[in-house]
Amino acid sequence: MSTPNPAIIQSMQRASALLQAGNFVAARSLLEQVVQAAPGFVEGYRLLAGAQLALGDSNVAERSLRHAVAIDPDWAPAQAALGELLIGSGRGDEGERALRRAVAHAHRYPRALYLLACLLNESNRHAEVADLTATLADDARADPDLLQQRAIALAKLARLDEAIAIQQRLVAMAPDNATVELLLAGTLDTAGRHREAERHARSAIGKGASSAEAHYLHARTLIATDRADEAETLLRNVVAAQPLFADAQTNLAQLIWMRTGDAEAAGEHIDRALRRHPDDSALAIARTNLLAGSGDAGAALAAIEARAASASADLLVLACASQAALQSGDGARALSYALRAVRLAPAEPLSNHSLIEALLATGDADAARHRAEALLRTHPDDQFLIAAQTTAWRLLGDPRYVAYCDYAGMARAWPLDTPRGWRDLPAYLADLATSLKRLHTMRAHPLHQTLRHGSQTAQNLLDVDDAPIRAFFGAIDAPIRRHIEAIGRGDDPLRRRNNGAYRIAGIWSVRLNAQGFHTNHVHPQGWLSSACYIELPRAVAGDNPGREGFLKFGEPGYPTQPGLEPEYFIRPEPGLLALFPSYFWHGTVPFGGDDTRLTIAFDLVPA
Numbered sequence: 001m002s003t004p005n006p007a008i009i010q011s012m013q014r015a016s017a018l019l020q021a022g023n024f025v026a027a028r029s030l031l032e033q034v035v036q037a038a039p040g041f042v043e044g045y046r047l048l049a050g051a052q053l054a055l056g057d058s059n060v061a062e063r064s065l066r067h068a069v070a071i072d073p074d075w076a077p078a079q080a081a082l083g084e085l086l087i088g089s090g091r092g093d094e095g096e097r098a099l100r101r102a103v104a105h106a107h108r109y110p111r112a113l114y115l116l117a118c119l120l121n122e123s124n125r126h127a128e129v130a131d132l133t134a135t136l137a138d139d140a141r142a143d144p145d146l147l148q149q150r151a152i153a154l155a156k157l158a159r160l161d162e163a164i165a166i167q168q169r170l171v172a173m174a175p176d177n178a179t180v181e182l183l184l185a186g187t188l189d190t191a192g193r194h195r196e197a198e199r200h201a202r203s204a205i206g207k208g209a210s211s212a213e214a215h216y217l218h219a220r221t222l223i224a225t226d227r228a229d230e231a232e233t234l235l236r237n238v239v240a241a242q243p244l245f246a247d248a249q250t251n252l253a254q255l256i257w258m259r260t261g262d263a264e265a266a267g268e269h270i271d272r273a274l275r276r277h278p279d280d281s282a283l284a285i286a287r288t289n290l291l292a293g294s295g296d297a298g299a300a301l302a303a304i305e306a307r308a309a310s311a312s313a314d315l316l317v318l319a320c321a322s323q324a325a326l327q328s329g330d331g332a333r334a335l336s337y338a339l340r341a342v343r344l345a346p347a348e349p350l351s352n353h354s355l356i357e358a359l360l361a362t363g364d365a366d367a368a369r370h371r372a373e374a375l376l377r378t379h380p381d382d383q384f385l386i387a388a389q390t391t392a393w394r395l396l397g398d399p400r401y402v403a404y405c406d407y408a409g410m411a412r413a414w415p416l417d418t419p420r421g422w423r424d425l426p427a428y429l430a431d432l433a434t435s436l437k438r439l440h441t442m443r444a445h446p447l448h449q450t451l452r453h454g455s456q457t458a459q460n461l462l463d464v465d466d467a468p469i470r471a472f473f474g475a476i477d478a479p480i481r482r483h484i485e486a487i488g489r490g491d492d493p494l495r496r497r498n499n500g501a502y503r504i505a506g507i508w509s510v511r512l513n514a515q516g517f518h519t520n521h522v523h524p525q526g527w528l529s530s531a532c533y534i535e536l537p538r539a540v541a542g543d544n545p546g547r548e549g550f551l552k553f554g555e556p557g558y559p560t561q562p563g564l565e566p567e568y569f570i571r572p573e574p575g576l577l578a579l580f581p582s583y584f585w586h587g588t589v590p591f592g593g594d595d596t597r598l599t600i601a602f603d604l605v606p607a
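So for the sequence shown, our numbering puts the first residue at 1; every next one is plus one.
Everything labelled a hint here was simulated from the structure, so no lab data went into it. Keep in mind it's a predicted model, so treat the numbers as computed, not measured. Glycine included, C-beta positions come from ideal geometry on N, C-alpha and C. Wrong hints could be hidden among the right ones.
[As the list claims (entries may be wrong)] Label-pair distances were calculated between CB atoms; the ranges are: (1) R438 / G208: 32 to 38 Å; (2) D74 / T135: 16 to 22 Å; (3) A430 / F473: 15 to 21 Å; (4) P426 / A514: 20 to 26 Å.
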């Protein structure tokens, strides 16, 4: 870029001051004089575009910026400004190209990298953001906004410890910034570090974070730290102030349901909001999910079908209706909704998953296989898709099913080690059961989980400060490592990810009451999943021809044509840890009697 004379520099300084003061008309007039006097001065055109854009003339602003980059394609500020304008006008691909040209010179203008990182994060291209910003990890002078974008990307990539470290650094840099601390609280909550998340959420609110989203996050951390009274009060306040806040409505409904087992009471606030806002689809979906999760599949379908019948039904409504129809046993209707969802959003996982389930339910296993295999090319570790693929193979008689679902070789049960400090395993299990029962404060299951007639701990067991629970992680380490060694290496979806190391990606406890069970399901984000038996009902022991309480494998969680029965069972025993691929369909057989079944479950991913 050419160097202007002193008079031009003075005019630019005056124009910058006018822009900062909001006097855009005067700034535009002065900058028009600048570019007339110095037609090769790129920065003059960039500031002129800023004034034009502020006055609402985006077309003229775009022409000014294109003129600037034509003069000097290497002037990163102009390329970045053009990219930002193009993105703002809905031309994301063209805007990205401009930003990438600017990033080539980002050492001269870091904002270009920030804008590109924002665009990529908004487009769910988080791995690209992590690569683009890798050099910032040890840069003490890095721009805080750009660091935040890196943290967002790392969190989405499940690199939560790295994301938290960055956000802790940002909080230290700006200790009075409520927004920065609230973002840290959110990432800590995602990581299952709920006690820390609660402290930071409370602190951020104390510093002025007053949005409904801030109080909603705080309520979630309170639920996860077993402070349900406070959480319910907060959530009621949030939905009273913002009745269209669907996530808050859903979480309040679930909390009331888990505390009471009363679906009508759990849905009162949603019904009240729907009476005021009858056209709100998100509220209707929340109501449908409450009915489905509380066991009334017919009412769930009735709650959404009129909305789904509308030509204007969106993806979320159609996917919800398809799922409700499946649960009601109406595969044909589920398929019709799913086909409409795919036409609306052909690349969305939600629409494709709905269609795959509906195809299997209506007997078109080959079409389901083709769709699952196409999606697996870009999402090779998606356990739902692997389960759908193997289900289709089984229906089609494809021999690959046996290789991928080698139940005897891939699903095994191992005895826990006795932790140091306990004389034997039964003594340890008794103490562990006592600790876990203190955490089971809810009456009913979470709405979107697989257990029925029981409760699940809200707390992440990794975050619980209790000696028997802390000892559990040592008790399972050797059995896990033996299992990982036993499954070996290979090309299938289980063995190809085996690097010999593991990380716990979620851990919780379940207490089933009499007639309790788990519906058949998979764990979409896992690698290995588990069931560890702590305390068992008497119905499971001794002669048990009905396999009451057994862990079963191979029966899909949605209907198929023809129907498929379970193919493999593991008999529970206290102190036994069952480990199996997360893509295996698994559930439990209901048990009778009047006592309970207490387990710990967790997912593992390669470390």
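CB-CB spacing for G208 and R438 relative to the 32 to 38 Å hint = holds (36 Å)
Does the Cβ pair P426, A514 satisfy 20 to 26 Å?
-> Check passed, 23 Å falls within 20 to 26 Å.
D74 and T135, beta-carbon distance inside 16 to 22 Å?
-> holds (21 Å)
Assessment of proposed distance window 15 to 21 Å (beta carbons of A430, F473) | Holds: the Cβ-Cβ distance is about 18 Å, inside 15 to 21 Å.
Going down the numbered hints, you'll see the structure goes against none, and every one checks out.
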